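Undergrad: Work out the full structure, taking the sequences as your base and the hints as a guide.
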Amino acid sequence: MRMRDILRDRLPAALITFGAWLLIAAFMGAFHTGSALIAAVTCVYFISALSRFLWDVLRRKRFYDALAEGSGQLDRKYLISEVVEEPDFLEGRLTCEALREAGRSMYEDVAALSRESKAFREFIEMWVHEIKLPVAALQLMCHNDDNVRYAEQLRRIDDYIETVLYYARSGSDGKDYIIKETPLDRVFADTAVRHRAELQLRGVEIKTDGLGTAVMSDSKWLGYILGQLMGNSLKYLSPDREPEICVRAEVLPDRTLLHFRDNGVGIPAGDLPYIFDKSFTGENGRTYSGATGMGLYIVKKLCGRLGHGISADSVPGEYTEITLSFGNNDLFRPDVTKS
Amino acid sequence: MSRIMIIEDDEVLRGELSRLLDDQGHETAAVTDFSRAAEQMRSSGADLVLLDINLPGVNGEALLQEFRRTSDAPVIMLTSRTSELDEVLSMSYGADDYITKPYNPTILLLRISAVLKRSQKLRVTASYRGLRVDPAKGILADGARELVLTKNEMLIFQILLDNLGRIVTRDELITALWDSNEFISDNALSVNVSRLRSKLSDFGCADAIETRKKQGYILL
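Read top to bottom, the protein sequences are chains A and B.
Those letters in the first sequence? Residues 1 to 339, per the working numbering, in order.
Those letters in the second sequence? Residues 1 to 220, per the working numbering, in order.
These are computed hints drawn from the structure, not numbers from a lab.
Incorrect hints may have been included.
Taking lysine-lysine and the DSSO-like style, the derived pairs with C-alpha atoms no more than 27 Å apart in a straight line are [claimed, not checked]:
(1) 207/A <-> 151/B
(2) 278/A <-> 301/A
(3) 137/B <-> 207/A
(4) 199/B <-> 117/B
(5) 175/A <-> 61/A
(6) 301/A <-> 175/A
Quick caveat, the model's predicted, so the values are computed rather than measured.
TA: Shown next as structure tokens:
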């Protein structure tokens with residue numbers, strides 16, 4: 001509460017007080033009261049008015065300042081009633097009670113919604129486990145019956161299933177990942193093998209460099225992220241040259257970078273800042289089929305949850321490079337003692 | 001050829017899994033009464049167990065824990081649970097590998113043979129026509145001479161040797177190479193195989209690798 005605001009707020013009250021004094025002074029003048037008495041009454045009158053004003057302002061100011069400061073600091077502002085001290089004046093107590101009621105009802109709503117979203121996420125996880133069984137059975141049948149024609153479609157189905165799973169995972173704040181030392185070559189080989197049929201069909205050459213290193217990540221989540229990047233590279237191959245995907249790890253003192261680069265059609269400079277936005281498809285999305293604007297959005301959210309950085313660089317008609325950045329530290333390693 | 005026990009409650013999947021492994025010359029046994037799974041695991045004497053996590057009335061991770069008290073036979077978890085937590089738990093309970101469904105059948109077979117090899121390493125040393133095979137150094141040796149193979153040639157030779165007398169498709173060979181971070185193309189595979197073939201014949205193993213048209217290669 002600023003003093004200027006308080007004074008402006010109390011201006012009518014001050015005017016009334018002053019008006020009343022004028023009336024009193026006029027009465028006393030009409031009754032020929034002595035000037036000494038008028039002075040005394042005036043003194044008492046204004047001193048009492050001023051002290052009432054000060055007392056009132058100070059006790060309110062304490063409560064409202066605490067309220068303003070508290071709500072500024074809290075990241076969940078609806079919990080404000082829990083942190084302010086119960087005031088000693090009536091309106092303050094009424095305000096406090098109303099705040100508490102509002103907070104409680106808000107909290108109940110939030111809890112109900114988060115229970116609901118957790119239940120939905122658990123259902124999705126369960127559903128994904130279930131649908132993977134027939135997919136796995138079909139994949140084995142394809143292999144056992146020597147029918148490779150269907151295998152690629154099964155891979156596509158499985159990709160879509162994974163997208164649902166990781167979309168659900170990307171939004172929640174539950175602890176459903178584990179950060180541990182993850183060898184990049186293992187994760188990348190799994191991703192490449194998974195997309196091998198399509199990579200070979202399109203004649204994509206794969207080059208790797210420095211993947212012998214390990215990063216702190218969740219291998220399942222990272223596998224999904226790399227799969228999405230590879231899917232994008234395959235979607236936007238350039239017809240003008242021999243397709244190539246180049247994956248390179250770069251170890252810096254404080255972090256490890258993973259550069260995922262293809263020589264596809266690239267991304268127009270105007271689209272580049274938005275490629276991680278939800279539902280953004282851009283110019284490439286209009287030219288090529290199959291863009292949903294969800295892939296990189298989910299990837300970015302997963303990176304956010306894992307604490308990885310992600311950035312994109314591209315020259316249209318030349319290349320697209322997505323760079324993941326992993327923090328390097330030993331805190332996660334139980335066998336390293338902190339000095 | 002090994003005896004492999006399958007503990008999987010999805011009937012179709014179980015059947016296809018048995019078929020896949022039978023085709024590879026393994027002998028399979030499947031558990032169908034899951035209340036007695038722990039007992040059957042113990043008494044089967046299998047060389048390898050494929051174990052699902054979500055089973056009716058029992059949890060695969062618990063089964064594994066119990067099994068480990070009495071046996072150190074290799075166990076591969078085969079599950080649709082794709083969380084790192086389950087993998088870390090299973091590995092800490094003593095699983096030898098963790099594979100999520102749906103799996104690439106070739107990869108599954110590779111992992112199975114890798115795990116089996118690891119568990120039998122002390123008993124069997126790999127050899128071919130009297131030559132000692134040393135995959136780590138990438139050499140074949142007959143006591144006097146050494147034949148040095150490149151990494152790719154050694155990988156190819158290893159897979160053919162693991163499937164001695166059986167046709168290995170080009171697809172399986174390429175998958176195996178990719179799985180070892182060697183992302184070679186179809187043409188490069190042909191080049192590697194013919195180089196391996198001529199190296200072997202220079203070393204005295206003539207006609208070791210035969211090409212079966214439209215099927216693959218076979219080591220004799």
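Undergrad: Hints first: check each against the structure and report whether it holds.
TA: To see whether the hints hold, each was checked on the structure:
no.: 1; hint: 207/A <-> 151/B; verdict: holds, 16 Å
no.: 2; hint: 278/A <-> 301/A; verdict: holds, 10 Å
no.: 3; hint: 137/B <-> 207/A; verdict: holds, 24 Å
no.: 4; hint: 199/B <-> 117/B; verdict: holds, 26 Å
no.: 5; hint: 175/A <-> 61/A; verdict: violated, 43 Å
no.: 6; hint: 301/A <-> 175/A; verdict: holds, 14 Å
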